[in-house]
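Could you build the full structure based on these sequences and the hints that come with them?
The opening residue of the sequence shown carries number 431 in our numbering; numbering runs sequentially from there.
The reader is advised that the hints may include incorrect statements.
[Unchecked claim] Pairwise CB distance ranges (calculated): (1) K560 <-> L448: 34 to 40 Å; (2) M452 <-> E526: 19 to 25 Å; (3) M432 <-> S567: 36 to 42 Å; (4) E478 <-> K442: 18 to 24 Å; (5) G459 <-> S544: 20 to 26 Å; (6) S458 <-> R525: 30 to 36 Å; (7) D462 <-> R525: 19 to 25 Å; (8) A556 <-> K433: 21 to 27 Å.
Keep in mind the hints are simulated off the structure, nothing from the lab.
Glycine is no exception: its CB is placed at the ideal position from the N, C-alpha and C atoms.
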Amino acid sequence: YMKGMSLFKMEKYDEALLAFDMAAKLDSGLTDPLLGKAYVYIKLFRFEDAIRQLKSMFAMEITAETACLVGLCYVLLDREDDAAKWFRRAVEKHREFTLSFFDEMYTGLILRDSNITLDEKVAVKAAIDKLKKKVASSKD
Numbered sequence: 431y432m433k434g435m436s437l438f439k440m441e442k443y444d445e446a447l448l449a450f451d452m453a454a455k456l457d458s459g460l461t462d463p464l465l466g467k468a469y470v471y472i473k474l475f476r477f478e479d480a481i482r483q484l485k486s487m488f489a490m491e492i493t494a495e496t497a498c499l500v501g502l503c504y505v506l507l508d509r510e511d512d513a514a515k516w517f518r519r520a521v522e523k524h525r526e527f528t529l530s531f532f533d534e535m536y537t538g539l540i541l542r543d544s545n546i547t548l549d550e551k552v553a554v555k556a557a558i559d560k561l562k563k564k565v566a567s568s569k570d
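Dropping the structure here:
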């Protein structure tokens with residue numbers, strides 16, 4: 431798993447996927463390698479693959495982070511209703527984490543990605559802000 435994370439940080443995504451696969455085979459009960467693969471898929475713009483990975487993880491261990499990442503992938507696929515559904519699940523698990531997640535993931539995954547145009551970054555930020563308000567107000 432740690433090798434996969436190191437490779438991910440070095441932007442060696444194909445090698446990171448292999449390392450995460452190896453870690454998952456060594457201990458099928460671990461969710462960290464699955465989460466690592468999901469982050470790689472997101473960086474590679476393979477959002478459907480990330481969603482499949484995260485949903486399989488969600489079946490093993492229900493966490494706010496997993497639900498948030500599925501929601502983020504749906505935002506990036508421009509599927510607002512699906513995104514809202516997953517963000518609501520995340521709020522049910524951990525409200526404060528979920529609301530701070532939006533800003534952290536936008537900064538960490540979207541804003542710093544040079545493959546995403548400025549217009550796309552602005553559009554994603556607007557979609558996230560809209561969903562953040564929608565999800566936050568749905569529980570108030």
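(message) Hint compliance check: list the failing hint numbers for this structure, sorted ascending.
(response) Violated: hints 2, 5, 8.
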